[in-house]
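Each chain, letter by letter, is given below.
Number of protein chains: 2
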Amino acid sequence: MARDTRERILAVARDLVHGASLAEVSTEDVCRAAGVHKGSLYHYFSSKEALGGAILDRNWDMMRALLEEAFADDVPPLERIDRFVDGFARMLTLMRDKFGVTPGCPLGGLAVEVAGHGDEGRAHAGRLLKGWMSYFATAVSEAKGRGDVPSSVDSAAAATRVLALMQGLALLARAQDDPALMLSAKADIRLLLRASP
Amino acid sequence: MARDTRERILAVARDLVHGASLAEVSTEDVCRAAGVHKGSLYHYFSSKEALGGAILDRNWDMMRALLEEAFADDVPPLERIDRFVDGFARMLTLMRDKFGVTPGCPLGGLAVEVAGHGDEGRAHAGRLLKGWMSYFATAVSEAKGRGDVPSSVDSAAAATRVLALMQGLALLARAQDDPALMLSAKADIRLLLRASP
DNA sequence: CCCACTCTTGACCGGCCAGTCAAACCTAGA
DNA sequence: TCTAGGTTTGACTGGCCGGTCAAGAGTGGG
Numbered sequence: 001m002a003r004d005t006r007e008r009i010l011a012v013a014r015d016l017v018h019g020a021s022l023a024e025v026s027t028e029d030v031c032r033a034a035g036v037h038k039g040s041l042y043h044y045f046s047s048k049e050a051l052g053g054a055i056l057d058r059n060w061d062m063m064r065a066l067l068e069e070a071f072a073d074d075v076p077p078l079e080r081i082d083r084f085v086d087g088f089a090r091m092l093t094l095m096r097d098k099f100g101v102t103p104g105c106p107l108g109g110l111a112v113e114v115a116g117h118g119d120e121g122r123a124h125a126g127r128l129l130k131g132w133m134s135y136f137a138t139a140v141s142e143a144k145g146r147g148d149v150p151s152s153v154d155s156a157a158a159a160t161r162v163l164a165l166m167q168g169l170a171l172l173a174r175a176q177d178d179p180a181l182m183l184s185a186k187a188d189i190r191l192l193l194r195a196s197p
Numbered sequence: 001m002a003r004d005t006r007e008r009i010l011a012v013a014r015d016l017v018h019g020a021s022l023a024e025v026s027t028e029d030v031c032r033a034a035g036v037h038k039g040s041l042y043h044y045f046s047s048k049e050a051l052g053g054a055i056l057d058r059n060w061d062m063m064r065a066l067l068e069e070a071f072a073d074d075v076p077p078l079e080r081i082d083r084f085v086d087g088f089a090r091m092l093t094l095m096r097d098k099f100g101v102t103p104g105c106p107l108g109g110l111a112v113e114v115a116g117h118g119d120e121g122r123a124h125a126g127r128l129l130k131g132w133m134s135y136f137a138t139a140v141s142e143a144k145g146r147g148d149v150p151s152s153v154d155s156a157a158a159a160t161r162v163l164a165l166m167q168g169l170a171l172l173a174r175a176q177d178d179p180a181l182m183l184s185a186k187a188d189i190r191l192l193l194r195a196s197p
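In order, the protein sequence lines correspond to chains A and B.
The letter at position 96 of the first sequence is residue 96 when you use my numbering, and the numbering goes up by one with no holes.
The letter at position 58 of the second sequence is residue 58 when you use my numbering, and the numbering goes up by one with no holes.
Read the hints as simulated data drawn from the structure, not as lab findings.
Any given hint might turn out to be false.
[Claimed, not checked] Restraint ranges, calculated between C-beta atoms of paired labels, are given here: (1) B:Arg194 - A:Thr5: 36 to 42 Å; (2) B:Thr27 - A:His37: 29 to 35 Å; (3) A:Thr5 - B:Ala156: 49 to 55 Å.
Beta carbons: idealized from backbone N, C-alpha and C, even for Gly.
Using the sequences and the accompanying hints, generate a full structural model.
Okay, here's the thing in structure tokens:
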């Protein structure tokens, strides 16, 4: 029952925060949905901010799983990115079905909010975003080796571009409640890398 | 004193919401900063949501001014976009100096929040984002006429890409507290339009 | 069986928050 | 000058919110 409770609180809180923001969800909401009392929540999390940080980490775990799944294979590097975009869009669609609204990027939105909570928050968010970009950067680097991407392209800068585009599309997808917008990222990324389709 | 009060409330609220979110600012904060009592605020705005909508409109006015300033001239269309990016980055820097943190896009962030407030909210946000994109779309269209952009490019889709990239860069700029990130948009947009620099 | 320790309960707090209201205050026009 | 309507005041409310606390329940090791 021990880890289980913590787990349930975290899972429920994550669900409630999706499609909303941390500020819009109260600890009481979380406790009610998890069937737990406030004391338990504060037994496992020192503050609401700490809970937010834990949710962020959990979302990063999910994103990393998605990345690993898309990037693990012997598929050409640019296709890995495509597969990730497909997976990301699928996730947005699933969440839309589950929560009734299209969420933004589970990482990006919360990262901004956590980054607003002082310097450690920003450092935390920055670390995760860097980690995400590194997947893109190594793929781009490998694509350069294969000649799929011009060698003049800076891998790190290109990774930033790619992440920015995906974040922006996720924001527009949320504002327009349309997860399919995300799919256009595949062609757009080719352009950002000056790669032929 | 009549319009003046409404004006002051709006201006102060806008300042408070920059770099934060509407949810993080209370009506009491706004009243205190504006030197006004709650009754006055609710005399001019029917609810906090309505105040949020008014702030969003105000931010759109500012953005439109920036767009008009960059787009009005006889400068080539792609350079107009560059000038807008410069203006946008300058604005982020000014806000950072004023509020101590880099804000995200004044329109994008608030638009997402307002879009979360039911269907009219989403329609409102969608209208402004569409308006913004139309500036890019006409510039792209004109650039195609001049041969600066391949005629195969779809103007509306390209405008969405450009807006998404800027929104994403603004998000990263906020998360990393670095407005200069925005400047890379100029080169990136060239790539998204398959245009030569 | 009991101790110690972790976990859970449920009531509680001080404060904040969105929104209300009636009364007072202007001010412009008749 | 009187009046009518827009504007401002200031106190108020009912509820929620993050967080605390002391006491009890459960449990594994000795």
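Now the hints, each set against the structure:
{"no.": "1", "hint": "B:Arg194 - A:Thr5: 36 to 42 Å", "result": "violated, 54 Å"}
{"no.": "2", "hint": "B:Thr27 - A:His37: 29 to 35 Å", "result": "holds, 31 Å"}
{"no.": "3", "hint": "A:Thr5 - B:Ala156: 49 to 55 Å", "result": "holds, 50 Å"}
Going through the hint list in order, the structure does not satisfy hint 1, though it satisfies all others.
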